[in-house]
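Peer 1: To get this note's numbering, take the position in the sequence shown, counting from 1, and add 28.
Accuracy of the hints is not assured; some may be wrong.
Taking lysine-lysine and the DSS-like style, the derived pairs with C-alpha atoms no more than 27 angstroms apart in a straight line are [what the hints assert, rightly or not]:
| hint | residue 1 | residue 2 |
| --- | --- | --- |
| 1 | 48 | 145 |
| 2 | 145 | 43 |
| 3 | 145 | 55 |
| 4 | 156 | 53 |
| 5 | 55 | 154 |
| 6 | 62 | 144 |
Here are the simulated distance ranges between beta carbons [as the list claims (entries may be wrong)]:
| hint | residue 1 | residue 2 | range |
| --- | --- | --- | --- |
| 7 | 64 | 156 | 30 to 40 angstroms |
| 8 | 150 | 171 | 20 to 30 angstroms |
| 9 | 88 | 44 | 19 to 29 angstroms |
| 10 | 87 | 116 | 24 to 34 angstroms |
| 11 | 29 | 170 | 38 to 48 angstroms |
| 12 | 30 | 165 | 26 to 36 angstroms |
| 13 | 142 | 83 | 14 to 24 angstroms |
Quick caveat, the hints were computed from the structure, so don't treat them as lab data. Glycine is no exception: its CB is placed at the ideal position from the N, C-alpha and C atoms.
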Amino acid sequence: MHSPTFDEIYMGLAKNLANKSHCVKIKVGAVLTKDTRIVSLGYNGPPAGTHNCDQEWPETGCPRDSKGSCSLALHAEQNAILYASKNGVPMDGATLYVTLSPCLACARIIFTMGIKKVLYLESYAKYKGIQSDEGVDFLRRFGIEVMQYSLPELV
29 MHSPTFDEIY MGLAKNLANK SHCVKIKVGA VLTKDTRIVS LGYNGPPAGT
79 HNCDQEWPET GCPRDSKGSC SLALHAEQNA ILYASKNGVP MDGATLYVTL
129 SPCLACARII FTMGIKKVLY LESYAKYKGI QSDEGVDFLR RFGIEVMQYS
179 LPELV
């Protein structure tokens with residue numbers, strides 16, 4: 029019998045959390061851990077108390093900002109980090125599991141909060157049709173361990 033690793037468990041949870049997202053463009057989940065314990069969870073979507081995009085704009089999603097990004101949504105990793113911060117959870121040395129590699133803005137936040145390792149499933153650059161994963165490049169440039177992860181197929 030296969031005993032799942034923590035990486036498998038936490039990335040699987042991030043993948044399942046993505047299903048909670050109300051985004052009509054892409055669903056992303058994140059799990060923040062420290063010392064093999066979950067310290068926070070997040071998924072992409074608008075701040076609590078605003079609009080759920082799939083209910084307010086089911087065909088198109090929320091309006092775009094001047095750069096073509098969602099005008100309302102917080103990214104999954106932002107939600108996980110903000111919740112941990114709001115509750116006084118220290119993130120120095122933490123590991124972040126996220127289903128989409130961090131964008132550059134999220135990478136800056138990840139670095140600033142002292143998160144030391146990021147595992148992701150899919151490429152943000154591939155999703156956005158841009159040449160490189162700027163967030164991944166930023167994190168690696170400043171000594172954060174980042175790796176693309178593949179969930180094993182379980183029989």
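Peer 1: Next, verify each hint and record whether it holds.
Peer 2: Here is how each hint holds up against the structure:
1. 48 x 145: 24 angstroms, holds
2. 145 x 43: 18 angstroms, holds
3. 145 x 55: 22 angstroms, holds
4. 156 x 53: At roughly 11 angstroms apart (the allowed maximum being 27 angstroms), residue 53 and residue 156 satisfy the hint.
5. 55 x 154: 15 angstroms, holds
6. 62 x 144: Holds, at about 10 angstroms.
7. 64 x 156: 30 to 40 angstroms: At 32 angstroms between Cβs, range holds.
8. 150 x 171: 20 to 30 angstroms: 24 angstroms, holds
9. 88 x 44: 19 to 29 angstroms: For residue 44 against residue 88, whose Cβ atoms are near 26 angstroms apart, the range 19 to 29 angstroms holds.
10. 87 x 116: 24 to 34 angstroms: With Cβ atoms ~41 angstroms apart, the hint is violated.
11. 29 x 170: 38 to 48 angstroms: Holds - the Cβ-Cβ distance for residue 29 and residue 170, about 41 angstroms, lies within 38 to 48 angstroms.
12. 30 x 165: 26 to 36 angstroms: 34 angstroms, holds
13. 142 x 83: 14 to 24 angstroms: 36 angstroms, violated
Violated hints, listed in ascending order, are 10 and 13; each of the other numbered hints is respected by the structure.
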